[in-house]
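In order, the protein sequences belong to chains D and P. Each position in the first sequence, counted from 1, maps to that position plus 209 in my numbering. Each position in the second sequence, counted from 1, maps to that position plus 209 in my numbering.
Don't take every hint at face value.
[Said to hold, decoys possible] To spell it out: a stretch of chain P is covered by chain D in this simulated footprint if at least three of its residues, at any positions, have a beta carbon under 8 Å from a beta carbon of chain D; those stretches are:
1. 284-290
2. 302-314
3. 326-337
[As the list claims (entries may be wrong)] Examples of chain P residues lying across from chain D (beta carbon under 10 Å, computed):
4. N248
5. D276
6. I278
7. V279
8. E281
[To be verified] Calculated pairs, DSS-like style, for lysine-lysine (alpha carbon to alpha carbon, straight line, at most 27 Å):
9. D/K215 / P/K215
10. D/K220 / P/K215
11. D/K274 / D/K307
12. D/K296 / D/K231
13. P/K215 / P/K231
14. D/K220 / D/K274
15. D/K215 / P/K220
16. P/K274 / P/K296
17. D/K215 / P/K323
18. D/K323 / P/K215
I should point out that these hints are in silico values taken from the structure, not numbers from a laboratory. Ideal Cβ positions, reconstructed from N, Cα and C, are used throughout, including at glycine.
Letter by letter, the chains look like this.
Number of protein chains: 2
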Amino acid sequence: MIEMRKEYLQKQYRGYIDCLNKQDWSRLGHYVADGVQRNGEVLGLAGYREMLEGDFASIPDLSFKIDFIVSEPPYVAARLLFDCTPKGDLFGLPVNGKRVSFAENVFYRFADEKIETVWSVIDQAAIEAQL
Amino acid sequence: MIEMRKEYLQKQYRGYIDCLNKQDWSRLGHYVADGVQRNGEVLGLAGYREMLEGDFASIPDLSFKIDFIVSEPPYVAARLLFDCTPKGDLFGLPVNGKRVSFAENVFYRFADEKIETVWSVIDQAAIEAQL
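Isolated chain D, as found in the complex (with noise of 0.2 Å):
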């Protein structure tokens, strides 16, 4: 049963990562809970989306590759793996065009099926040292 559920979430994961890639936004609230938090901030469904329509705008190509999942429900562990020229500045960093890949370790806990928390760290150490 356990193990089940497990498999379940890792499913659901893949999917919210397919969605975000094709900017499916009408599709984010089956993956993403209505009052969802990040990083300590109570965003919800509109402000999550946009949040990542932010991000798509400041960078075009942006797709995320999931390096690898460690799941435990409720929680789900990523690492991803970006590889992008961000527009402007990224993350306060004068990046301008600039092609360039970093990690991001994030951690979701799972409420009823959905994305309720994530604890995201992104390596802006390794953004800066290729600028």
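The hints should help you fit chain P onto chain D, whose structure is shown.
Same frame as chain D, but now just chain P:
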């Protein structure tokens, strides 16, 4: 069987954190593999210990606090919390004895019950925001 291994890795990981907090370096090889790699660099057990000793030298009140663990053999993922007063620079930031709080999102892959690979990202932006 899988569940038991998961419990074992969690126990082993908590033992590792306890070992760090006690700076009991003679026990480190019980938790960390001889050829340990961290963020793509082969440190080896001696290099890993050197890194940790350096951390405690620059941050005399360093203490590793586990926020939560997500484990799925052979991986353990942890969110670690720090609340400390680094003496000089920390990750290139002029902390100089100010008290700062920050998190680390970190993944470990175990082999033969020891940590063989570490992928760590520290929330440096949080530190910067506190200076």
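Tested hints:
1. 284-290: holds (count 4)
2. 302-314: With 3 residues in contact (Cβ-Cβ under 8 Å with chain D), the coverage given for the stretch 302-314 of chain P holds.
3. 326-337: With 7 residues closer than 8 Å to chain D, the stretch 326-337 of chain P meets the three-residue bar; holds.
4. N248: Interface hint status for P/N248: holds (9 Å vs cutoff 10 Å).
5. D276: holds, 8 Å
6. I278: holds, 8 Å
7. V279: holds, 4 Å
8. E281: Constraint on P/E281 satisfied, holds at 5 Å.
9. D/K215 / P/K215: Satisfied, since the Cα-Cα distance of roughly 13 Å is no more than 27 Å.
10. D/K220 / P/K215: Holds, at roughly 21 Å.
11. D/K274 / D/K307: holds, 19 Å
12. D/K296 / D/K231: holds, 20 Å
13. P/K215 / P/K231: holds, 24 Å
14. D/K220 / D/K274: holds, 15 Å
15. D/K215 / P/K220: holds, 21 Å
16. P/K274 / P/K296: Distance ~20 Å between P/K274 and P/K296 Cα, so the pair holds.
17. D/K215 / P/K323: With a Cα-Cα distance of about 24 Å, the restraint between D/K215 and P/K323 holds, given a limit of 27 Å.
18. D/K323 / P/K215: holds, 24 Å
Taken one by one, the earlier hints all hold for this structure without exception.
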